[in-house]
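> These protein sequence lines map, in sequence, to chains L and W. Under the UniProt record's numbering, residues 1 to 538 are what the first sequence spells out, in order. Under the UniProt record's numbering, residues 1 to 499 are what the second sequence spells out, in order.
Certain hints may be false.
Said to hold, decoys possible - Footprint (simulated), chain L over chain W, 3 or more residues, beta carbon under 8 Å: (1) 111–119; (2) 255–269; (3) 310–316; (4) 414–428; (5) 436–442.
As the list claims (entries may be wrong) - List of simulated lysine-lysine pairs, DSS-like, C-alpha gap at most 25 Å: (6) L/Lys-29 with W/Lys-373; (7) L/Lys-499 with L/Lys-190; (8) W/Lys-164 with W/Lys-108; (9) W/Lys-108 with L/Lys-110; (10) L/Lys-445 with L/Lys-371; (11) W/Lys-37 with W/Lys-108.
What the hints contain is simulated information worked out from the structure, not anything from laboratory work. Ideal Cβ positions, reconstructed from N, Cα and C, are used throughout, including at glycine.
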Amino acid sequence: MTWLTSHPLSILVFGPALLGFLLLALPHKLGRLSRMLGLMGALAIFALSLAWLLGHRGNGAILAERAAWFTLVGLPVDYALSVDGLNLWLVLLTTFLVPLTMLGTWNSLKDRLGTFAALFLMLETGMLGALMAQDLFFFYLFWEAMLIPMYFMIGVWGGDERRYAANKFFLYTLSGSLLWLVALLYLANKAGGFNPILMGQAATLLPFDVQCWLFIAFAVAFAIKVPLFPLHTWLPDAHVQAPTAGSVILAGVLLKLGGYGFIRFAIPMFPQAALHYAKPLAILSVIAIVYGALVAMVQRDIKKLVAYSSVSHMGFVMLGLASFTVIGTQGAMLQMLNHGISTGALFLLVGMLYDRAHTRMIADFGGVAVKMPVFTTFFFIVTLSSIGLPLTNGFVGEFWILNGTFLSGFTWGRLYACLATSGVLLGAVYMLWMFKRVFWGPENKDEDSGTHHLHADLNAREIAVMLPIVVLIFWMGIHPKTFVAISEAPVAALLLEIKAPAPRTFVLKPAVHRAPAAPAPASGSHGHAEPAAHEVHR
Amino acid sequence: MNLTPSQWAALLPLLIPTLGACLIPLMSLDKDQASAKWIRGAMYGTALLAVGASFWYLTGLWNTGAQPSFFQLRMDRLAQFTGIFVLVAAALTILQSWDHFHQEGWVKGETLSLLLFSVVGMMLFASTTHFAVLFLGLELFSIPLYALVGTVRARAESAEGGMKYFLTGAVASSCFLMGGVLICGLGGNFDLAAAALTLKVQGLALDPLVLVGAALLLLGFLFKVSAVPFHQWTPDAYEASPHPIAGFMSVATKGVAFIALLRIFPGSLAPLSGVGVKLQSVVAVLAVATLVLGNLTALVQTNVKRMLAYSSISHAGYLMLAFVAGTPAAFSGMLYYLVIYLAMNMGAFGLLTAFGLVGEHTTFDDLRGLGWKRPAMGVAAAIFMLSLAGIPPLGGFFGKYMIFRELVSTGHVGMAILGVLASLVSAYYYLRFLVALFLQAPSAEAERLASDRPAVHAPYAGATVLVAAGIVLAGGFLQTFLADGFTRRALVDGLGLIR
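I would like the entire structure built from these sequences, with the hints used as guidance.
Have a look at this one:
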């Protein structure tokens with residue numbers, strides 16, 4: 001018992017997988033029972049994560065576990081897990097989305113329910129482990145192991161092209177991480193271990209071009225996950241072919257791991273190289289934003305549209321990180337949460353629609369609002385959040401990112417901020433246009449149409465799934481501080497440490513926007529947003 | 001001839017399987033009786049008993065830490081490791097062949113006898129530096145295998161594969177013999193270590209004839225591990241053999257050849273360092289060729305056994321990379337890789353038996369949907385295939401990790417990148433196995449055939465598959481125990497003795 005109480009993070013990480021293996025051992029006939037047990041387990045993990053992680057306050061790690069694990073070929077590997085300002089909310093997002101998705105897709109699957117629940121729980125272990133691991137080898141294990149359950153989720157329960165999509169997803173991601181493994185080994189060899197801090201120190205001693213190569217290896221592995229243009233091509237296939245639950249988790253958490261990898265490992269470990277490549281990263285981000293939005297606009301499949309909107313939205317995250325300002329990075333952190341909530345919700349809603357109509361083609365719908373008013377309401381709220389309407393979560397994140405980019409110390413900041421802003425506009429275009437064609441207009445009376453097959457509005461279960469999402473959308477839009485206060489200090493400290501160029505201060509109040517000289521107090525997020533607002537209205 | 005108890009303990013692991021191999025044919029003398037169930041049981045029981053007793057003595061020897069060296073035998077830790085390795089492979093093979101030969105409707109005692117002789121030969125091969133004994137071991141394990149490949153007389157391909165293997169193998173053996181003769185003749189000693197020392201003292205270390213001799217020796221080894229360009233026999237031989245025998249060949253032959261290569265080249269021939277460096281670059285080039293060709297050819301196979309054959313070729317490439325790095329840690333990683341490889345490949349070939357895929361019905365299409373029908377086997381298959389592809393946290397990943405890490409630390413970053421790219425390619429064909437098992441529904445024709453066929457009973461093969469899956473998982477989660485407690489000690493204590 002004492003071991004259990006002293007290792008809360010181990011329980012959070014490995015609890016789901018243990019339950020998953022148990023479910024795998026249950027016979028096929030007990031699929032419905034397994035599904036129920038899986039949901040209960042995921043809810044328990046969510047409850048535990050809230051109880052253990054939200055109770056603590058203060059700087060530094062909220063909870064941490066570190067022990068020597070093993071030494072192989074002379075390189076020590078630590079069993080190191082921790083939750084701190086950078087990953088707290090991503091961890092909670094994961095533990096929140098898993099049970100929610102299970103409930104939201106309760107009746108979507110017809111066969112092999114137990115196996116699906118088991119894989120889902122193993123995936124949760126992989127995601128939580130990757131988010132919490134503080135040793136790069138440990139991180140790598142989770143990062144790769146995550147592919148296995150996702151592969152089967154797409155491949156077994158996916159759409160018509162599922163085998164192609166699953167293989168593409170697996171091999172694409174593997175290609176990045178295998179090359180990254182070589183870089184990891186190279187650096188571990190110099191540092192004598194996989195501790196990211198020691199590795200970072202060892203990296204600073206290397207010649208600059210070696211640092212750049214190592215950074216590129218890290219960046220490519222993470223950028224594939226994000227996915228950053230032009231490494232995004234696996235995403236539409238995987239998203240569209242995956243079953244609803246897979247798409248939600250893919251968009252909600254897996255993509256975040258890419259952005260998280262940048263801020264946790266790639267940027268702190270190779271600060272000079274990261275600053276050196278800030279401009280290429282920003283260029284690719286802007287391309288991703290605009291290109292993703294343009295491609296989303298012409299999609300005929302709603303799910304594919306949402307998939308491409310992910311490319312666009314995750315481009316904002318990368319742009320925020322590339323701005324190397326506190327507000328931009330904080331915006332990126334928030335945008336990751338936003339995207340997890342909004343896009344996750346969109347995939348859930350598209351799944352609900354598909355379960356009823358058995359089609360996702362925009363042209364098959366029209367006038368859905370008449371038949372499913374409650375559904376339409378939820379979809380509209382989530383659409384607005386995805387567009388980034390003020391008072392919803394999407395607005396705050398995108399605004400901070402654009403603000404940070406505009407004010408960043410790089411000469412290209414203002415131009416790229418302007419270009420990226422067009423992405424917000426295009427986002428409104430594709431989302432609202434899709435919304436108009438699907439939900440408004442006269443009811444599509446065609447016998448074969450999707451609308452014709454819609455008989456029931458959302459049931460109590462589905463409403464129960466959507467309600468917490470809607471609450472979060474507004475909470476994050478109105479009081480984002482809840483979600484970013486804790487990352488303010490580590491982000492500011494990080495940017496200070498890597499000597500990021502100070503943001504420009506060409507406004508009337510020069511003092512406000514100096515780079516924070518010391519780890520800023522946790523109240524900063526609003527303080528940063530206000531002068532920026534002045535700036536815009538000037 | 002007086003032997004001390006510890007020398008007896010070292011000799012018994014070799015003698016017991018020999019005795020078993022002699023007894024078993026006696027049991028099957030009467031043709032009619034060989035088909036009686038109790039005689040079959042007795043034959044298989046004897047074989048298992050012999051393997052088990054040998055294993056028992058070897059592990060006992062390992063635990064005492066004794067490394068007796070007498071006559072031309074060096075039963076050091078490396079040899080004990082090899083013995084344990086081969087015996088485990090043999091035990092799995094015997095269990096699988098019970099099921100497989102029953103499915104094929106063809107049970108004969110000779111197969112077991114040949115297998116046991118081959119086991120003895122392998123143990124001999126890896127526990128000596130004396131060239132005559134070395135060659136004896138090589139032939140003692142090769143000749144039974146030539147025969148075993150051609151076992152299934154009902155199939156023409158079986159004889160063809162066996163013949164191909166025999167002819168090419170004979171050429172390789174004679175090259176090996178020639179190489180040994182050159183070195184031993186020039187060095188004036190049948191013991192390779194002593195010969196190498198003499199050559200160095202005489203200043204003949206870089207003599208062209210010595211170089212040719214060493215190269216010919218290397219060729220013999222590379223043939224056995226099926227490295228490119230000496231790999232052509234592999235797919236045909238595997239396809240022709242019964243599944244368990246193919247598994248045994250892929251694992252034991254390769255493993256023993258690598259271990260003997262380790263003992264001879266960095267070990268005994270260490271005084272000829274100039275030759276070693278030259279041959280190391282040859283190995284590097286061939287390793288690259290093996291990785292590229294093995295993996296790319298595996299991509300286009302439709303027959304699972306041929307795919308596994310090319311996969312086994314490509315794994316020879318990874319193991320050769322350990323020689324490119326050439327550090328003790330790399331060799332320790334190689335031994336670790338071999339342990340995991342034993343489990344993965346014996347498991348993969350065992351699956352074919354467990355699924356009851358007889359004769360030529362071993363294409364990917366024949367596998368369709370079987371993962372859902374036999375969930376435990378399916379999970380094991382996923383473990384084997386993902387581990388073969390090197391996906392963490394399974395054992396295969398740690399084997400590759402240890403080798404790649406040594407490559408990087410010795411400055412062979414390019415080779416490491418090539419290695420990871422090769423394993424990326426390999427992931428595709430291993431996934432294909434899983435695609436067939438889980439992601440594809442069986443074709444209508446296969447369903448019809450399956451309903452005609454009697455239900456598959458392969459309890460022993462199934463058990464071996466589960467054991468193998470356990471080893472692969474242990475390789476992922478207890479890697480320190482295996483690597484430090486087993487492979488590193490085999491290497492340090494073993495090579496320490498011969499140096």
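> Does each hint hold? Answer for all of them.
Right, here's what the structure says about each hint:
For the segment 111–119 of chain W, the stated coverage by chain L is not satisfied: 0 residues place a CB nearer than 8 Å to a CB of that chain, which falls below the threshold of 3. Counting residues of the segment 255–269 of chain W whose CB lies closer than 8 Å to any CB of chain L gives 0, so the stated coverage by that chain is violated, three being the minimum. Using a Cβ-Cβ cut-off of 8 Å, 0 residues of the segment 310–316 of chain W lie near chain L, which falls short of the minimum of three, so the contact claim is violated. Under a criterion of three residues with beta carbons nearer than 8 Å to beta carbons of chain L, the stated coverage of the segment 414–428 of chain W is upheld, 8 such residues being counted.
Coverage of the segment 436–442 of chain W by chain L holds in this model, with 3 residues showing a Cβ closer than 8 Å to a Cβ of that chain against a need of three. Straight-line distance between C-alpha atoms of L/Lys-29 and W/Lys-373 comes to about 13 Å, which keeps the hinted pair within the 25 Å bound. With a C-alpha separation of about 24 Å, the suggested pairing of L/Lys-499 with L/Lys-190 holds against the 25 Å cut-off. As the CA atoms of W/Lys-164 and W/Lys-108 are separated by approximately 23 Å, the hinted pair is consistent with the 25 Å bound.
With a CA separation close to 48 Å, the supplied pair W/Lys-108 and L/Lys-110 exceeds the 25 Å bound. With a CA separation close to 11 Å, the supplied pair L/Lys-445 and L/Lys-371 stays within the 25 Å bound. Restraint check for W/Lys-37 and W/Lys-108: the C-alpha separation of about 12 Å stays at or below 25 Å, so the hint holds.
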